[in-house]
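Enquirer: Take a look at the letters that make up each chain.
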Amino acid sequence: MTRYTYYPGCTLKTTAKNFEDSTLASSEVLDIELVEPERWNCCGTVHALATDDVMHHLAPIRNMIRVEELKEQDMVDNKKMVTLCAMCYNTLKRANEVFKSDRDKKKKIHDTMYREDIQYSGNVEIVHLLEVLREGGWDEVKSAVKKPLTGLKVAPYYGCLLLRPRGIGIDDTDNPTIMENLIEALGAEVVDFSHKQKCCGSYHTVHMKEAVADLSYNILKQAEDAGANILVTACPLCEYNLGPRQTQIRKQYPSFDSIPVVYFTQLMALAFGLDEEATAFEANKPDPMPLLTEMGLMEKNKNGSNK
Amino acid sequence: MSSFGSKQTLRFNPGENTFKNRVNELSGENVDLCFQCGACSSGCPMTQEMDYLPSTIIRMIQLGLEESLESKTIWTCMTCFNCEVRCPRGIDIANVMEALRQLVLRKKYNRVSLDDLTQEELRELPQIAIISNQRKLTA
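Quick note, the sequences are listed as chains A and B, same order.
FYI, my numbering numbers position 60 of the first sequence as 60, with every residue one higher than the one before it.
FYI, my numbering numbers position 58 of the second sequence as 58, with every residue one higher than the one before it.
These aren't lab readings, by the way, just hints derived from the structure by calculation.
Ideal Cβ placement from N, Cα and C applies to all residues, glycine included.
Wrong hints could be hidden among the right ones.
Straight-line alpha carbon distances no greater than 30 Å define the calculated DSSO-like cross-link-like pairs of lysine-lysine that follow [claimed, not checked]: (1) A:K106 / B:K107; (2) A:K107 / B:K72; (3) A:K146 / A:K251; (4) B:K72 / A:K221; (5) A:K147 / A:K251; (6) A:K13 / A:K71; (7) B:K72 / A:K108; (8) A:K251 / B:K108; (9) A:K13 / B:K107; (10) A:K142 / A:K106; (11) A:K106 / B:K72; (12) A:K221 / A:K80; (13) A:K153 / A:K221; (14) A:K251 / A:K105; (15) A:K13 / A:K146; (16) A:K146 / B:K107; (17) A:K13 / A:K79; (18) A:K108 / B:K107; (19) A:K105 / B:K107.
Calculated Cβ distances over 10 Å to all of chain A for the following chain B residues [claimed, not checked]: (20) L33; (21) F35; (22) G38; (23) S41; (24) M46; (25) Y52; (26) T56; (27) R59; (28) L69; (29) C80; (30) N82; (31) A94; (32) L125; (33) A129; (34) R135; (35) K136.
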């Protein structure tokens, strides 16, 4: 069992609770213990790009102090902070890089956070759960599979912030393979498609939902045309734009039917043979249950409905 | 003296182009490196919503045209960094867009308001959507 600091971020506690539930349950199977600090704060969700903006780096850096505290108390085995949300991952990692490379900003950040017990050293490493899985080896994942996901044709959707900018992403920016490797290890079929790195429209979903629906439609359509019957993602905002936003897509593209979108950890929980609390599919829109029951991967709910 | 292969730049009104200098300083980029290949614009997923292409915005800054601040483009950019990984001149175009937004936002301008959303939308939207939307588009 390796113990890591776990940074959930705000959305995994609310609209993406299914992401967290499936993560915690499937990580346990792989002997990965995720230790959540008692007090963590919002990372800010986007990296501050202006050169004079130091203030917005404070929130992400403050979380890294939590990692060093846990390490000092021997609650974790390393100074890695495991993230799941692609926005958290990107924001935390980039702020950490700024802190380590810019002496002036580092001093300003230290001066501002003088009331913290620990002065951040810069030694925390921000990782994504997918990287932890890769480091442990895909054979480890494979050996934990009890119910191979045969018949599932999975399109891996990376989006932006897991891969860009270059040097920050968890894998090769142009030709990523990390999600493909996971899907294969779980016994499902990988469907390569042209739009796996195209942006879903991100935060414009708040005020420009029609434009976001255009982008999401293209992504879903390309995946479907390539032969996929389900998409996986690692970002709660991508999941929202590709999943629940399908209602908006159908208004603009009446010929579009629907295709389920799930988190990669939900497929892990399913393949590891975990219970419905762990797979947590009931929160996904559209409902993936009809597909999963058809494939013989899930049994119909006891009350007979698939919702 | 520059030699073959080094990054030569076009220089428009050197020293006098204060708008360009402000954008360069705030973004940390050198927009003069751009030679208008258009790779950023061809890879941008949001051009259909823009009034000027990203590469056009860069040219406008080179020329010191402050009208670039009034374009729809800077608010349509969603910092997906697609342009950034494609630019053969190494310009982080998303940083330039952020600098332009900041120049406007710092005059207490709000592009969007949460008051426009219904209670249902506020309940359903993931927090990360709302927070990033407000971070990028409000003062």
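Enquirer: Against the structure, test the hints numbered earlier, and report the numbers of the ones violated in rising order.
Expert: Violated: hints 2, 3, 5, 7, 8, 9, 10, 11, 12, 14, 16, 24, 29, 30, 31, 32, 33, 34 and 35.
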